[in-house]
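S.K.: One letter stands for each residue in the lines below.
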Amino acid sequence: MDFSAFSSQFLVGLSRAMILFVVCAGLSFVLGVLRVPNIAHGSLYMIGAFATFTVTKLIAGSVGFWIALIVAPLVVALVSLVAERALFCHLYQREHLMLLLFTFAISLILGDLVKIVWGAEYRSVSPPALLKGTISIFGASLPRYNLFLLIVGPLVAVALWLFTNKTKIGKISRAAAVDREMVGVLGINVSWVFAIAFVIGCYLAGVGGALVAPTASIIIGMDHSLIIEAFLIVTIGGLGNMWGALVGSLIFGVTQSLGVLIWPQFAIVFPYIAVVIVLLLRPQGLLKAVW
Amino acid sequence: MWEKEERGLFKEVIRSKWFGPLIVISLVLFILPLFIPRFYTYILALIYVTSLLAMSLNLVVGHGGLFQFHHGVFYGVGAYTIALMLKKTSLPMWTGFIAGPIVAAMVGLIIGWLCVRLSRLYFGMLQISLGSLIWVIAFRWYSFTGGDDGIPGIPVPSLLSSLKNSYYFILIILVICLILMYMILKSPFGNTLQAIRDNPQRCEAVGINVRRHQLIAIVIATFFAGIAGVLFVALERSVFTDLLFWTLSLEIFIMCLLGGWFTFAGPILGAAIMVALRTFVGIFTEYWTLILGIMLILIIFFLPEGVMGYVQKLFKPGAKGVAERGK
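Protein sequence lines, in the order shown, are assigned to chains A and B.
Using the working numbering, read the first sequence as starting at 1 and increasing by one per residue.
Using the working numbering, read the second sequence as starting at 1 and increasing by one per residue.
Pulled out of the complex, with its shape left as it was, chain A reads as follows (with noise of 0.2 Å):
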């Protein structure tokens, strides 16, 4: 194993992990503010993805994928915001257990959707000119396109964080994350609140439907695999904490594309073992859980 495989390798997992990254972050914020494990968000992320298929589809050329990059998400915040209102805003106050089965229902239930506008076949995206070939840092090639989500996820980050930070929304879907009954009892709308917390957090799940579309193959079933992934990087990195959510994802990406140059065919299972060991060594996770 030389280094310059091994540093590609790096770079490819480490660009993997911030796709997981935005999506978990949603999934995250959904977590800890709402207290709702979302399993339809990986539903949620497959229609940012064949949003972005149908747009590039529709404008054609590069500046096609950068329209897809804006619109998709919008398309599924809208979906999650109806969403919520007229379904999610009326369970809150039911068990976790309830309301797992309940966003699968609606996951099973848009999942059918998706086949029926888009059906099933595989579908691909092509990155945007700009970001088409490959370059080479430290000896080691890596395609643009990774070059470009090494760009995103933090960016992504910093922005989440100048949200749930610096702006009074954010300050105040922490502050109910906290405490829900407090905060109505200072006379915030908290119905709206968590409406808007949670079409921000499945926003970010488009943005990570539209940023997978380029690299690989947009399909039904794509919300599965993901979504359990997901759940598992949230877990690890502490319920409901966004930088948590970083690390996980981080730890994930990359044990798998390490995994590669270890054993290829059994590079998935080093993840789910990495996850293993750290809830066996951390049960409650490696950063502070909100919850």
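Source of the hints: derived by calculation from the structure; they are not laboratory data.
Some clues are possibly wrong.
Claimed, not checked - Beyond 12 Å from chain A on every Cβ pair, some chain B residues (computed): (1) S16; (2) I25; (3) A99; (4) V210; (5) Y310.
What the hints assert, rightly or not - Pair by pair, the computed Cβ-Cβ distance ranges are: (6) B:P188 / A:V158: 57 to 63 Å; (7) B:Y142 / A:I59: 23 to 29 Å; (8) A:T134 / B:T279: 49 to 55 Å.
Beta carbons are placed, not taken as given, at the ideal position from N, Cα and C, and that holds for glycine.
With chain A held as given, fit chain B onto it using these hints.
M.R.: Leaving out everything else, chain B in the frame of chain A:
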């Protein structure tokens, strides 16, 4: 003393209100294959297998209060064990039927032992990651498990070669398992388990080893799940990796929810609804999960205790709602 206790338990089975209906229903089901078409016999047998699986989950979830998120793995392990033994070894065939549940229970012991030290959601997450490990291994180890092709065409004993015979086999095993489960739930162990579900702190305070009880419950439940896996192979004669995937585990959860968490027979009803829905709605439209999702949401909104729980409440209006009991 043990003997006395067991005789008492058996008396309890015979005296219980479920016993009469069980005998009648199983007699009816016994003669049913003589009159109905082959396809329906198959569907009924599939319902039995699935209900045994759902009942085994309900043992730990409904009665034990554990977040057993990846129960499907033990079903799959049982099925894969017998499949591999029948296909790859020349041991006598009955050994496979015994090894399936035992290996499932052993995997349950290992995973359960690791999981019981965590609580609630973390318990479930650790179980999902351990279960996913098993799924990945079955999925990728082509030379041993056949990967995502699964193992088709498993030879079964000549006794089970016809559908009718395997129907009877499955029915008999199901009835035995139901009686055993009922006895377990009515035993002191079962009562302790339900007490732990309702108030773990107090149970710990009176000196009950909470984790050990939970672990034993997991092992028992996974043993029954292994039996369900073996029955699945007896019926289908093939295994595939979907048996180990986590969506199946959630489907089993849904069966328990549909039928009713805290009722004994609820999961059977849930499994029947689920299999029937998949089969008969699946004939008309490929979008049967859409229907399932809508049904599930309606149940969660209007019948949070499941169909069976709702019916029980109709007959016993004074009984305290079970949904509140857990809190």
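S.K.: Give a verdict on every hint.
M.R.: Going down the list of hints, with the structure as the test:
no.	hint	verdict
1	S16	28 Å, holds
2	I25	28 Å, holds
3	A99	25 Å, holds
4	V210	16 Å, holds
5	Y310	15 Å, holds
6	B:P188 / A:V158: 57 to 63 Å	58 Å, holds
7	B:Y142 / A:I59: 23 to 29 Å	42 Å, violated
8	A:T134 / B:T279: 49 to 55 Å	50 Å, holds
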